[in-house]
Structures are given as structure tokens and as C-alpha cells.
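Engineer: Can you make the complete structure from the sequences, with help from the hints?
Sequences listed follow chains A and B, in order. Residue numbers for the first sequence, in numbering that gives the first Met the number 0: 0 to 403. Residue numbers for the second sequence, in numbering that gives the first Met the number 0: 0 to 403.
Please note: incorrect hints may appear among the correct ones.
[Said to hold, decoys possible] Now the in silico label distances, taken between C-beta atoms and shown as ranges:
(1) Thr-216(A) - Glu-109(B): 48 to 58 Å
(2) Glu-109(B) - Glu-350(A): 24 to 34 Å
(3) Lys-359(A) - Glu-337(B): 55 to 65 Å
(4) Glu-109(A) - Thr-216(B): 50 to 60 Å
(5) Glu-333(A) - Lys-209(B): 24 to 34 Å
(6) Glu-337(B) - Thr-280(A): 50 to 60 Å
(7) Arg-69(B) - Lys-359(A): 39 to 49 Å
(8) His-212(B) - Arg-69(A): 26 to 36 Å
(9) Gln-363(A) - Gly-127(B): 22 to 32 Å
(10) Glu-350(A) - His-212(B): 15 to 25 Å
(11) Glu-346(A) - Glu-109(B): 37 to 47 Å
(12) Asn-356(B) - Gln-363(A): 32 to 42 Å
(13) Ser-9(B) - Gln-363(A): 27 to 37 Å
[As the list claims (entries may be wrong)] No farther apart than 20 Å at their CA atoms in a straight line, the calculated lysine to any residue pairs in the SDA-like style are these:
(14) Lys-397(B) - Met-318(A)
(15) Lys-361(A) - Gly-345(A)
(16) Lys-88(B) - Ala-354(A)
(17) Lys-201(B) - Lys-250(B)
(18) Lys-347(A) - Phe-342(B)
(19) Lys-122(B) - Lys-122(A)
(20) Lys-122(A) - Phe-342(B)
Simulated from the structure, these hints should not be mistaken for lab results. All C-beta atoms, glycine included, are put in the ideal place defined by N, C-alpha and C.
2 protein chains.
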Amino acid sequence: MNSSGIKKISGGINAVKGIKTVGISCGIKTNGKKDLALILSETIATAAGTFTTNRLKAACVTENQKRIKRGLGQVIIANSGNANTSTGKRGLEDTKEVAAFTAENLNIPEELVLTASTGIIGKPLDVGKIKNGIKKLISKINSGDFSGASDAILTTDTFAKESAVEIKIGEGKIRIGGIAKGAGMVAPNMATMLAFIATDAKIRKDLLKKALHEAVTDSFNMITIDGCMSTNDMVLILANGMADCGEFKAKSREFPLFQEGLKLVAKELAKMIVVDGEGATKLIRVKVSKARSKKAAKTCAMAIANSNLVKTAFFGEIMNWGRIVAALGASGIEFSPEKVCIFYDGEKIVENGCAANFNKNKIQKILKKKEIILEVCLNQGKNNTTVLTSDLSYEYVKINALYS
Amino acid sequence: MNSSGIKKISGGINAVKGIKTVGISCGIKTNGKKDLALILSETIATAAGTFTTNRLKAACVTENQKRIKRGLGQVIIANSGNANTSTGKRGLEDTKEVAAFTAENLNIPEELVLTASTGIIGKPLDVGKIKNGIKKLISKINSGDFSGASDAILTTDTFAKESAVEIKIGEGKIRIGGIAKGAGMVAPNMATMLAFIATDAKIRKDLLKKALHEAVTDSFNMITIDGCMSTNDMVLILANGMADCGEFKAKSREFPLFQEGLKLVAKELAKMIVVDGEGATKLIRVKVSKARSKKAAKTCAMAIANSNLVKTAFFGEIMNWGRIVAALGASGIEFSPEKVCIFYDGEKIVENGCAANFNKNKIQKILKKKEIILEVCLNQGKNNTTVLTSDLSYEYVKINALYS
Numbered sequence: 000m001n002s003s004g005i006k007k008i009s010g011g012i013n014a015v016k017g018i019k020t021v022g023i024s025c026g027i028k029t030n031g032k033k034d035l036a037l038i039l040s041e042t043i044a045t046a047a048g049t050f051t052t053n054r055l056k057a058a059c060v061t062e063n064q065k066r067i068k069r070g071l072g073q074v075i076i077a078n079s080g081n082a083n084t085s086t087g088k089r090g091l092e093d094t095k096e097v098a099a100f101t102a103e104n105l106n107i108p109e110e111l112v113l114t115a116s117t118g119i120i121g122k123p124l125d126v127g128k129i130k131n132g133i134k135k136l137i138s139k140i141n142s143g144d145f146s147g148a149s150d151a152i153l154t155t156d157t158f159a160k161e162s163a164v165e166i167k168i169g170e171g172k173i174r175i176g177g178i179a180k181g182a183g184m185v186a187p188n189m190a191t192m193l194a195f196i197a198t199d200a201k202i203r204k205d206l207l208k209k210a211l212h213e214a215v216t217d218s219f220n221m222i223t224i225d226g227c228m229s230t231n232d233m234v235l236i237l238a239n240g241m242a243d244c245g246e247f248k249a250k251s252r253e254f255p256l257f258q259e260g261l262k263l264v265a266k267e268l269a270k271m272i273v274v275d276g277e278g279a280t281k282l283i284r285v286k287v288s289k290a291r292s293k294k295a296a297k298t299c300a301m302a303i304a305n306s307n308l309v310k311t312a313f314f315g316e317i318m319n320w321g322r323i324v325a326a327l328g329a330s331g332i333e334f335s336p337e338k339v340c341i342f343y344d345g346e347k348i349v350e351n352g353c354a355a356n357f358n359k360n361k362i363q364k365i366l367k368k369k370e371i372i373l374e375v376c377l378n379q380g381k382n383n384t385t386v387l388t389s390d391l392s393y394e395y396v397k398i399n400a401l402y403s
Numbered sequence: 000m001n002s003s004g005i006k007k008i009s010g011g012i013n014a015v016k017g018i019k020t021v022g023i024s025c026g027i028k029t030n031g032k033k034d035l036a037l038i039l040s041e042t043i044a045t046a047a048g049t050f051t052t053n054r055l056k057a058a059c060v061t062e063n064q065k066r067i068k069r070g071l072g073q074v075i076i077a078n079s080g081n082a083n084t085s086t087g088k089r090g091l092e093d094t095k096e097v098a099a100f101t102a103e104n105l106n107i108p109e110e111l112v113l114t115a116s117t118g119i120i121g122k123p124l125d126v127g128k129i130k131n132g133i134k135k136l137i138s139k140i141n142s143g144d145f146s147g148a149s150d151a152i153l154t155t156d157t158f159a160k161e162s163a164v165e166i167k168i169g170e171g172k173i174r175i176g177g178i179a180k181g182a183g184m185v186a187p188n189m190a191t192m193l194a195f196i197a198t199d200a201k202i203r204k205d206l207l208k209k210a211l212h213e214a215v216t217d218s219f220n221m222i223t224i225d226g227c228m229s230t231n232d233m234v235l236i237l238a239n240g241m242a243d244c245g246e247f248k249a250k251s252r253e254f255p256l257f258q259e260g261l262k263l264v265a266k267e268l269a270k271m272i273v274v275d276g277e278g279a280t281k282l283i284r285v286k287v288s289k290a291r292s293k294k295a296a297k298t299c300a301m302a303i304a305n306s307n308l309v310k311t312a313f314f315g316e317i318m319n320w321g322r323i324v325a326a327l328g329a330s331g332i333e334f335s336p337e338k339v340c341i342f343y344d345g346e347k348i349v350e351n352g353c354a355a356n357f358n359k360n361k362i363q364k365i366l367k368k369k370e371i372i373l374e375v376c377l378n379q380g381k382n383n384t385t386v387l388t389s390d391l392s393y394e395y396v397k398i399n400a401l402y403s
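Structural biologist: The structure is reproduced here in C-alpha cells:
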């Protein structure tokens with residue numbers, strides 16, 4: 000438990016009171032792996048979501064954006080193996096049909112069902128397979144089997160991503176839990192990310208939206224694997240209010256605690272996505288410090304985090320700060336090159352824009368680590384930010400060149 | 000010869016009247032390869048240049064930007080193996096010393112010497128080696144040996160890049176010739192590009208500047224290998240007026256011909272840079288057509304051309320138009336996904352945003368070609384543009400991860 004009374008717990012999203020999840024294989028993935036997940040709240044929940052800003056949006060994104068406006072939800076039905084993107088009018092009809100069928104079989108109002116898809120772009124969804132799958136999901140959940148959801152949303156991710164916390168609120172407790180999928184593909188496709196979070200806190204929809212937005216800004220929007228934005232990205236949260244404590248008020252002492260707990264879950268899931276990035280062998284925390292504005296700091300950090308030259312240098316475990324300053328210079332942000340200092344895990348390698356007098360052996364040891372903090376200090380202001388990225392390896396090229 | 004009387008000729012930059020070039024090894028590269036080039040005009044030439052917009056600029060870029068303002072030049076002295084970037088005040092003094100020494104030994108005014116460097120960032124230049132090299136260069140050029148300049152500016156490029164044209168102007172002829180270096184590295188470093196062009200046309204400095212700017216916009220600024228902008232990029236042109244025809248006037252019939260010839264040389268050099276890009280196995284011409292503006296077309300084309308997912312798909316020779324539309328959607332440009340059509344070498348694979356009914360075998364054959372035209376038609380306006388890019392291969396990762 001940390002000082003504010005937030006404790007990490009096991010159980011992922013299932014640790015949340017009144018939340019049941021299950022995942023199965025319905026045959027969309029041809030390799031027999033799980034590909035359909037159901038997340039169900041016992042009661043109607045307050046709901047919020049953030050979605051990809053890609054101009055090309057998957058049918059599920061477009062449809063969820065409409066549904067989430069009311070701020071209510073009860074079910075998430077998610078498939079992997081097919082993104083249902085660039086599938087025209089039929090794609091939209093398919094996603095609605097999946098939602099309607101789920102609602103009918105669970106006997107809940109259709110508008111409380113949210114859908115998500117990830118996988119190949121441009122191929123129509125096999126709604127028949129999904130319908131059969133939904134029946135299986137419901138019978139499993141009725142039999143008390145709440146396993147497999149975190150696996151069923153994966154594509155070529157190598158491990159399931161779960162996180163949960165418990166927070167003491169007065170005499171009671173609330174829980175926040177989530178699952179996510181990261182960069183991977185079943186067939187050649189865009190790396191996509193999905194995250195589904197639930198909480199048993201009771202919270203107004205405007206506050207939930209605010210808290211989710213803030214958490215996503217500091218977590219999922221602070222990671223990059225290959226700089227490619229997906230058409231299907233979405234983060235959804237359901238808050239069913241089933242915990243044994245009252246409703247959060249905007250100015251209560253508890254709301255910041257909820258925000259902090261939510262951010263913790265989101266950050267943990269986001270970090271797992273980078274660690275499990277396509278072909279990743281290292282996690283690099285790109286910290287830009289003393290920038291003129293938060294926005295400038297993020298632009299600089301993303302420019303460095305997305306540079307193929309910086310990423311291949313980390314993969315090769317070679318020192319090459321020239322690539323870092325060059326990426327910084329190309330970012331479009333104004334700064335004074337002669338003020339820049341660069342540190343690897345706190346060891347200074349660049350001082351005032353020129354090579355510092357550093358210990359090569361020490362740097363070589365740092366470069367061999369699995370997690371490295373790269374700090375670029377601009378010395379021009381007071382704003383810091385950190386972006387998480389992976390390195391660029393042969394395996395990334397292989398994963399994305401060889402699947403067909 | 001094409002219809003407008005522009006003929007490709009051999010000889011590269013040496014084909015230009017009154018231009019002598021030579022290249023040698025002076026010991027900056029430890030492998031004994033050529034690393035110092037001299038380009039000399041017999042007479043004072045009109046000069047123009049375009050330079051990297053990276054905020055971090057090499058000393059030679061900063062210094063040339065000052066010198067070129069007068070619109071005059073006679074000598075270019077260029078080294079490879081060391082970029083002389085992020086070397087502080089000393090770097091600037093070193094580049095000036097190289098220029099001064101060259102001027103003194105050639106007995107020409109110092110301000111007519113332009114310098115260029117490419118190679119490792121952050122390491123001071125070995126001016127002693129370069130001075131010895133300059134003496135060797137001059138004695139070689141005096142002995143009538145005009146070879147090696149196009150080799151001496153290379154880093155890990157696999158072939159020298161030269162191009163020249165001859166244009167009939169009235170009763171006389173002018174020549175335009177150039178050399179370039181592309182993406183490569185001697186030691187871990189940024190990919191950099193340099194191009195030096197000369198012409199014996201007689202032309203006012205403002206017109207030369209205009210013509211160069213236009214040519215660069217359509218050639219070197221329309222290529223990308225890894226989306227990483229260098230600190231040392233520069234294109235320089237010298238026009239010594241030694242051809243047997245008069246001066247170009249802005250509104251003369253001949254000026255557009257000169258522009259066209261210059262563009263041809265620049266485009267040919269730019270294409271060679273992409274073909275010889277780090278690890279490149281294919282040249283992809285990304286054409287974006289029917290866009291609302293030229294700028295929007297270029298933004299879209301660059302977003303596609305820089306997408307690691309698109310580039311790995313071409314390397315793997317797999318069909319994956321989902322990655323193309325996703326990159327397009329992430330470009331920030333407004334367009335209607337349901338109007339987009341995509342063609343590989345003229346074969347339609349996407350029609351109105353959805354998969355077209357195409358022949359898979361035909362597409363497989365196209366994907367195996369060394370040069371592919373990828374056309375993305377937005378169907379929203381009248382503007383077209385084409386960006387040249389390479390694929391992303393294991394070799395790119397190897398080149399940039401393994402050198403140290």
C-alpha cells in the first residue's frame with residue numbers, strides 16, 4: 000500500500016465487485032486461440048471512453064462514440080482477429096448486430112452494450128461465429144467460469160495484461176481493475192491497443208469522464224512502439240457503484256484518490272503494452288526535463304521515442320547521442336542546442352550540447368539493462384514529461400514483414 | 000534527348016565546363032576509404048544553397064548559410080567520416096580554418112570557399128589530417144587527375160551518385176552536373192544527405208536561388224528513408240557562366256529549360272539516394288492523387304512513406320492496405336475514407352474505402368518488383384504529389400544497431 004492508501008491487488012478486472020468477465024475461442028483466429036471476450040457488470044454502470052483520433056475509425060469506435068454519450072453501459076463484447084475497419088456500411092451493421100444479439104441473450108437494453116474489435120483491417124466480420132461464441136460466453140459465465148477475457152483480446156501479444164488496485168475510502172473500499180492488449184497482429188495488420196477498466200466506485204458520469212481522460216493522457220497517450228496510430232484504439236471504463244461506500248463528489252477528499260488509483264492501473268497496463276511491444280527487447284523511459292511547456296516536452300520526447308535511429312541504437316546497445324540530439328532538432332520545438340544535457344540512468348553523457356567526460360564502461364553497463372531512463376534536459380523552463388518506448392529489433396521487422 | 004532539348008550525358012559534375020573535382024583519403028575514415036573531396040570552379044561562380052531545417056545544425060551549415068548570402072562561390076571542400084556537429088565553438092573555428100587553408104593554397108578569397116561535413120556527430124574534426132589532405136587534393140588536381148570526388152563524400156553508401164545533362168540554348172549548350180551522398184554511416188550516426196551541383200550556365204544569383212529551391216522542393220525534399228532529418232543536409236550549386244551562351248533572363252524562353260534540366264539532375268540524384276538507402280531492397284513511389292492541396296498531398300504521402308508498418312510490408316512483399324489507410328488516417332489531413340482508392344502499379348486494390356475485387360496473383364507479382372508505384376487517390380481535389388521511399392529491412396536494423 001502506498002502512502003495515500005492505494006494498494007495493488009491481484010485478480011485484474013475480476014477483482015472489481017459485480018464485474019464478471021470471460022473469454023473463449025469462437026473461430027475468428029484460425030489457430031484456435033481465444034478471440035472473444037465478454038465483460039459484464041451485474042448492474043448498469045456509469046461509462047466513459049477515449050477513442051483513436053485516427054480519421055479512419057473502426058465501426059466499433061464510431062458506434063461506441065455514439066452510445067457512450069449517455070454515460071451508461073453494462074457490457075463490453077470484444078473480438079480479436081478482425082478489426083472490422085474499412086468494411087463500409089456492412090461493418091457498421093455487423094457491429095450493431097453483435098451488440099443487439101449480446102443484449103438480447105443477456106436480457107439487457109441494447110444501448111448498454113459496447114463493442115470492440117482488433118485484428119485485420121478490411122475483412123468483413125464473421126457475425127455467425129461471433130453469435131455462437133456469445134452463447135458460449137454466457138453459458139460459461141453462468142456456470143461461474145470467469146477466466147480468459149484478458150487472453151481473448153490479445154493478438155500477437157506474448158502475455159496477458161492485467162492490473163488492479165484497492166483504495167480505502169472512509170470505512171469502505173473501492174476497487175479499480177483493468178485488462179489491455181498491446182502491439183501485435185494475427186495477420187498483417189496495424190498494431191492496436193485496447194484497454195477495458197472497471198470499478199465498483201459510485202461516480203457521476205462527468206467525473207468519470209474527467210478521471211479517465213486524465214489517466215489516459217498520462218498513460219496510454221504517453222507510449223509509442225512504432226509511431227503508428229491505430230484505427231481501433233479505445234479505452235473504456237465501467238463504474239457500477241457496487242462498492243460499500245457512497246458516491247464521489249467532485250470536490251471530495253476521495254475523488255483525487257480515485258483519480259490516482261485509476262492512473263496507477265492505466266500506467267501499469269500502458270507499461271506492459273510497451274514491454275510487450277512487437278519485437279521489443281528493452282523499455283526506454285524518455286524523460287524530457289526543463290522544457291518551456293508540457294506540450295513542448297511531449298513533442299520532444301515523442302520525436303526521440305519514435306526515431307528509428309535512436310531505437311536501433313538501444314537495440315544494438317550502442318552509445319549514440321548524436322541521433323538523440325538530431326531527433327530533438329528535427330522535432331520542430333525551439334531550444335538552445337548549447338544548453339542541452341543528456342543522461343543515461345543519471346550518468347551525464349552530453350553537457351551543454353557537447354560530449355561530456357563520461358565513463359564508457361559505466362555507460363556500456365547501463366546500455367545492457369532491460370529498462371533504461373534516457374533524460375534530455377533542455378534547461379529552458381520548468382516542465383517535465385516521460386514517454387515510454389521500446390527498441391527497434393530484427394524481430395519487429397520479422398513480425399511485420401513475414402505474416403501474410 | 001527529350002522533347003525540350005535536354006540530353007542526359009555522362010561525366011557527372013566533371014562534365015560541366017570549368018569544373019574540376021577530385022577526391023582522396025586523408026585518414027578521417029579509419030578504413031582507408033576516400034574521405035575528402037574538392038570541387039573547384041576555374042572562375043568565380045554564382046552560388047546558392049539549401050540547408051537542413053534541423054534546429055541543431057552542423058558548423059559547416061551555419062557557416063555556409065552566412066557565406067552564401069552574397070551569392071558567390073568558387074570552391075567546395077567536403078569531408079566524410081565526421082559531421083563536425085555538436086562540437087561547440089571549436090567546431091565553427093575548425094570549419095573556418097579548413098576554408099581558410101583551402102583558400103590560401105588555391106590563392107582565392109576565403110569567402111568563396113564553402114565547406115561540408117558528414118559522418119559521426121559530437122567528435123572534433125582532425126584539422127591537421129584535412130590540411131594535409133587539401134595539399135594532396137590540389138597537387139592531384141594540378142596533375143590533371145579529376146577523379147574520386149563522388150566517392151569521397153560517401154559514408155556507407157554502396158555506390159557513387161552522379162548525374163549530368165546538356166541543354167541546347169540557341170546556338171550554344173550548357174551543362175548541369177551533380178554528385179550526392181545518401182543514407183549511410185561510417186560510425187553510428189545519422190543518415191545524412193549532401194548534393195553538390197555545378198553548371199556552366201550564366202545566371203543571376205536570385206534566379207539561381209529560385210531554380211535551386213524549386214528543384215530541391217521536387218527532388219531531395221520528396222524523399223524519405225527513415226524519417227530522420229539530418230543536422231548536416233545541404234545542397235549547393237555553383238554556376239560559373241563558362242558556357243558559350245549568354246546570361247539567362249527571368250522571363251527568357253531558356254530559363255524554364257534550365258529549371259527543367261536542374262530538376263532532372265536533382266531528381267535523378269534523389270532517386271539514387273533512396274535506391275541506396277540503408278538496407279533498402281525496393282524503391283516505392285508513393286503517389287497521392289486528387290488531394291485538396293499540394294501540401295495535403297505531401298503530408299499524406301510522407302505519412303505513408305514513413306510508416307514502419309507500410310515499409311516492412313513492402314520488404315516482406317505482403318499485401319497489407321490496412322496499414323496504408325491507417326497511416327493516411329493518422330496523417331492529420333481531412334479526407335473521406337469512403338472515397339479512397341488505392342492502386343499498386345495501376346492495379347486497384349481498394350475501392351471507395353473497401354477491398355476491391357483484385358487478382359491476387361497479379362498483385363503478388365507486382366510486390367516482387369524492385370520498383371513499385373503505390374497510388375492513393377483521395378478523390379477530393381486536383382492536387383497530386385509523389386514521394387520516394389525505401390522499404391524497412393533487417394539490414395536497416397543491422398546497419399544502425401551493430402556499428403559502434
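Engineer: Give a verdict on every hint.
Structural biologist: Against the structure, the hints:
The supplied range of 48 to 58 Å is met by Thr-216(A) and Glu-109(B), whose beta-carbon atoms lie about 54 Å from each other. One distance hint, 24 to 34 Å for the beta-carbon pair Glu-109(B) and Glu-350(A), holds here, with the actual separation near 32 Å. With their beta carbons about 56 Å apart, Lys-359(A) and Glu-337(B) fall inside the hinted range of 55 to 65 Å. Between Glu-109(A) and Thr-216(B) the beta carbons are some 54 Å apart, a value that agrees with the proposed interval 50 to 60 Å.
For Glu-333(A) and Lys-209(B), the hinted distance range of 24 to 34 Å is satisfied, since their beta carbons lie about 28 Å from each other. A hinted range of 50 to 60 Å is violated for the C-beta pair Glu-337(B) and Thr-280(A), which are about 40 Å apart. As the Cβ distance of Arg-69(B) to Lys-359(A) is approximately 44 Å, the hint placing it in 39 to 49 Å holds. Between His-212(B) and Arg-69(A) the CB atoms are about 55 Å apart, so this pair departs from the stated range of 26 to 36 Å.
The supplied range of 22 to 32 Å is met by Gln-363(A) and Gly-127(B), whose beta-carbon atoms lie about 30 Å from each other. The hinted range of 15 to 25 Å is not satisfied by Glu-350(A) and His-212(B), whose Cβ atoms lie roughly 37 Å apart. Judged by the Cβ atoms, the range 37 to 47 Å given for Glu-346(A) and Glu-109(B) holds: they are separated by roughly 42 Å. Hint check: Asn-356(B) to Gln-363(A), Cβ distance near 56 Å, so the stated range 32 to 42 Å is violated.
Between Ser-9(B) and Gln-363(A), the C-beta spacing of about 49 Å breaks the proposed range 27 to 37 Å. Restraint check for Lys-397(B) and Met-318(A): satisfied, since their Cα atoms lie roughly 15 Å apart, inside the 20 Å limit. For a cut-off of 20 Å, the pair hint linking Lys-361(A) to Gly-345(A) stands: about 11 Å separates their Cα positions. A hinted pair counts as satisfied when its Cα atoms are at most 20 Å apart, and Lys-88(B) with Ala-354(A) qualifies at roughly 13 Å.
Proposed proximity of Lys-201(B) and Lys-250(B) is supported: the alpha carbons are some 15 Å apart, at most 20 Å. Between Lys-347(A) and Phe-342(B) the CA atoms are separated by roughly 50 Å; this puts the pair beyond 20 Å, and the hint is violated. The suggested pairing of Lys-122(B) with Lys-122(A) is violated, with an alpha-carbon distance near 52 Å, which exceeds 20 Å. For the proposed pair Lys-122(A) and Phe-342(B), the alpha carbon gap of about 18 Å is at most 20 Å, so the pair holds.
The structure shown violates the earlier hints numbered 6, 8, 10, 12, 13, 18, 19.
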